[in-house]
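The whole structure should be built from the sequences, with the hints applied where relevant.
There are 2 protein chains.
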Amino acid sequence: MASVEDLLRDLRHKVDRLLPHDIEVTDLEFEAHELVLTTKNPGAFAKDPNLIRQLARGLQKRIVLRPDESALLDEEQAEERIRFIVPPEAGITSFSWDRSAGEVTLEVEKPGMAIGQQGVTLNRIRAEVGWTPKVVRTPPIRSRTVLEVREFLRSVSEERREFLKRVGRRMHRSRATNEPWVRMTALGAWREVGRSCSLLQTQDSRVIIDCGVKFDEGDPATPMFYLPEAQPFSELDAIVLTHGHLDHCGLVPLLFKWGFDGPLYCTPPTRDMMALLCMDYIKVAEAQGVKKPYDAADVRHALRNTITVGWGETTDIAPDLRLTYHNAGHILGSSVTHFHVGDGRYNVAFSGDIKYERSWLFDPANNKFPRLDALICESTYGGREDFQPSRERASEQSREILQMTAKKGGKTLFPVFAVGRSQEVMLVIEELMRKGEIPQQNVYLDGMIMEATALHTAYPEYLNNQLKQQIFQEGTNPLLSPIFKRVDSWQTRQKILDDPDPCIVLATSGMLTGGPIMEYLKHWADDSRNTLCFVGFNAEGTLGRRLQRGWREVPYREGGEQKAVRVEMDIETIDGFSGHCDRRQLMNFIQNMEPRPKMVLTGHGEASKCVEFANSITHKFGIEARALQNAETVRFC
Amino acid sequence: MASVEDLLRDLRHKVDRLLPHDIEVTDLEFEAHELVLTTKNPGAFAKDPNLIRQLARGLQKRIVLRPDESALLDEEQAEERIRFIVPPEAGITSFSWDRSAGEVTLEVEKPGMAIGQQGVTLNRIRAEVGWTPKVVRTPPIRSRTVLEVREFLRSVSEERREFLKRVGRRMHRSRATNEPWVRMTALGAWREVGRSCSLLQTQDSRVIIDCGVKFDEGDPATPMFYLPEAQPFSELDAIVLTHGHLDHCGLVPLLFKWGFDGPLYCTPPTRDMMALLCMDYIKVAEAQGVKKPYDAADVRHALRNTITVGWGETTDIAPDLRLTYHNAGHILGSSVTHFHVGDGRYNVAFSGDIKYERSWLFDPANNKFPRLDALICESTYGGREDFQPSRERASEQSREILQMTAKKGGKTLFPVFAVGRSQEVMLVIEELMRKGEIPQQNVYLDGMIMEATALHTAYPEYLNNQLKQQIFQEGTNPLLSPIFKRVDSWQTRQKILDDPDPCIVLATSGMLTGGPIMEYLKHWADDSRNTLCFVGFNAEGTLGRRLQRGWREVPYREGGEQKAVRVEMDIETIDGFSGHCDRRQLMNFIQNMEPRPKMVLTGHGEASKCVEFANSITHKFGIEARALQNAETVRFC
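Each protein sequence line maps, in turn, to chains A and B.
Counting from 1, one number per residue, gives the positions in the first sequence under the working numbering.
Counting from 638, one number per residue, gives the positions in the second sequence under the working numbering.
Be aware that one or more of the hints could be misleading.
Footprint (simulated), chain B over chain A, 3 or more residues, beta carbon under 8 Å [unchecked claim]: (1) 179 to 185; (2) 217 to 228; (3) 625 to 635.
Where chain A lies over chain B, by a calculated footprint (3+ residues, C-beta under 8 Å) [to be verified]: (4) 817 to 829; (5) 857 to 866; (6) 1254 to 1268.
What the hints contain is simulated information worked out from the structure, not anything from laboratory work.
All figures in this text were calculated on a predicted structure; none of them were measured in a lab.
We put the beta carbon where it would ideally sit given N, CA and C, even for glycine.
So, in structure tokens, the structure goes:
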């Protein structure tokens, strides 16, 4: 088969044949899945959008135009011109220039306004200043994560381009001539929860899907990625993430530390979430005096190598693999990850974690695909008895609990994880308060919650249709309501603790294993007017679980002494906020799939749940279903 | 954990403590699974056999004594002494001396006589000449293979000792501290027949079981041993063979060519069979002008690295693996291969090819084990309809056919493979003739059949109890009957072809795809007094299959011209000679297993047969059974 050089030479000939003679192409190079065409005449393409379409059709490649440096207006003039072209309502908050790529990134408050109908505004910019404009949203709430990630990516743009070139060349390598096959190896979170990791392999390619950590004491923390199938890391084609929870992405930087230097694919929110949580993971490890698995530099390495892919965009990620992301309904940016293998030989989707019910934040997980042969499905609540109340019921319960506490003049304390549930609870509270069903009061967000909320406001495209409607059409985002107050210092927290007035507090950690929630609990637990309201899962052995079971003491250390506070506050649990499907939703998810897969592999659940879920699928739908074990490999075709 | 050096030092201390002070130990070293103790006083051990037993118990190792060179009588004197000690009825036919190992190998006609009751004769030799005596059987029929293998192994004894040392050290390496697991990957002959290959892996070790070739046109010839689980070959712990057919051992030398340099485990007859068939495989490839997969040097490399293990001897082959061979009833030396993993954590047996019925040559396959969790079972005739007549019926049919042909004064032609069926047919014919049920006549063996027969006579321990009784107690081996004549030249064959008298011919190849059988067919096919009698499987597309189906012509080329001979001879098929279990025997094999395995994996059969067999096992015995596919991995624990 032809080498990459031959291939590029061939493409160059075709480009020269397809383009008018007055358009000068100075370079043609692969960058990841794209073919980058550098031209001295970006304006000509801006004026005739058909040119690019014809090229793409003729070359069968996704083409990206890059202006030759000679075509660029100087930056000051260009900025002036852009400010003139873009309507002021778009709200440009910053420009950043990447001269070697000829790219200018506009951070704007209303991206749609800056892009224009069918990209007309961007096109005009391109035509008039030469630069290629990129538009990103200015987070309505200042997000340190978004800021830092964007800043970092700007700082490594040159390196990144070299990296993309390398990926592109690797992606266009010669194909194997062995007998063809497609298979998957279970590396983590099979018949268990935590350390999610799978390896999709063909005769040509190897891709890791998720690479999470497991925190359960006594269990191995890392996936079995030391198995020979995954070795050497340096020769893996890609890591693909379903979402940004640590049990799915927490050890991605470790793979980079250990030699992986290829692309990491995820949605934009997942990238930021991963950065946020992995950095926090390091900090917590340092604070606890535990050996950290990797350094901040490894997280940055992962970021540098990240290629973001939005929902519905189909992207080549290896010689014979195409990736498409679909909404998974679990957390921000969480995705059902679909692979199209070898020109349609096989199609397999990894559910990641899914919620198959419209939640306050997200639409139900997608289960319609153009093609599908096998599904890898989570089984967290796949057991025969794992039924949960609906979101509807959860909201009612929230109302009842908040009203009851309000009646007593007490405070309501929600132990939450930063990402996911906390934003749902916020939306419920905001609505109740807006509709006057509970009294106006402050809602304090302590821990990483506000930062996580900022991420949600930075990527409204990933929220459900109703929220998008509210945000884009009506211009109001309930997450931005002034009732929400960030707790960002020890002093603020002390003031809240001392304030006798009713209020609502959302604080981490969700299972009462530490974090700011402990301070509130210490101060307020002995007051029977107050309520502690769990909205998530409490693992065995945590204080959260003990309190749920009737234990009525909160132990703490002060000045080297062991103390305890008696718990007099009400303790409530709302079960309907789960980000996972319950048993019924899992079965519905499978039942309503289009097309019906020929095989389902169940993982991400205790052994009994994975097995029960698989048995039910086989029994009810006649689909071959199996609960794989870690270290097993199944062949698809 | 301690290094090998530490371990040896520690053992040395123990040895010094356990042995009397007047015994001088000059060296202590691992050689494969054995601990070799070199001593200046071999006589002391010969006089007190308890010494060695105490050492073995104290050190928990299998101990081999080696005389220090200073303890050896010179070879001439030693030979004289040994000839005096060994009774002349033993029939010493040769001595060979390996000075650096202090070993003398006696080739004798009656090994039992040379060994003496409980080894008393050997012990006396040891005590009187210092040398360690080894006894091997002089093949009653001259076998080139046995001769050459023994000669070759003598020529590389020094290298071989270095190799064994290396294996020993590797076997005593430090163990992994990862989470423990045991799994198996299917590399070949899963849902197919041919290219048998499986990979047994634990957190510590990796062993390949069988490495065969597949000859079916259009199908891949080699197992999927290029999968990363099997890589790099240089770091595999061992290859373990079930038996010496090419579809199980034909690509072993290729693994050596490609970097494997570890031990190859098999029974002594399997070693010789492998050498015979692999060398023949090269010759055939050369003759057909096909690229040969490896050279004679690679076969020799495999031989040099072979460690033979007899039935029932349990042998350490990796830090956490113990191997025991049991009779499989299929061909000479064929074995059900049992692995005891990690101090009993798991026990798994690979059936290889099995016959679960007493045949003329072998006892039924063993299916009783001290422990057993999983069985990997062949499925050649595992389909619902795969029933065959019994051996009994096959013998009756043979009698009928031979009698009928004799009545007509015709010749009987058996197309056979060299190994297995041909010796069975020989035994049937010998008995019929001895009992006077068919007339006395010559039985000609053409092709590799006599060589294969010679192998059977060299290893009578691997024949069934009845034959062993005949051979050892009564001193008669029916395979040595004078009715059998070797066809060893073109002239002999021509004389037979021209001889008008009735005779019986066994010739290769079994499916009429070439070989000497074609000559007989060309000359005798047009005579209706003659009979062509198939006793084995004819693959689709072969002349054998065509004739079975009613085709009545044998095409051949002569002097560049395409000719054909009309077939007038009778064509018969005897189905009951198969070396494989039929469906009923397979089910009985499982049903009568002790203990019942918890899991059965079915392979070595067409896809439908593997699946049907697995389903029947689950349905009938309630055992989890699965038809794995190549490239899949199942985890045992």
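Structure-based check of all given hints:
1. 179 to 185: holds (count 4)
2. 217 to 228: holds (count 5)
3. 625 to 635: holds (count 7)
4. 817 to 829: holds (count 3)
5. 857 to 866: holds (count 6)
6. 1254 to 1268: Per the Cβ count (3), the hint holds.
Consistency with the previously given hints is maintained throughout, with no hint failing.
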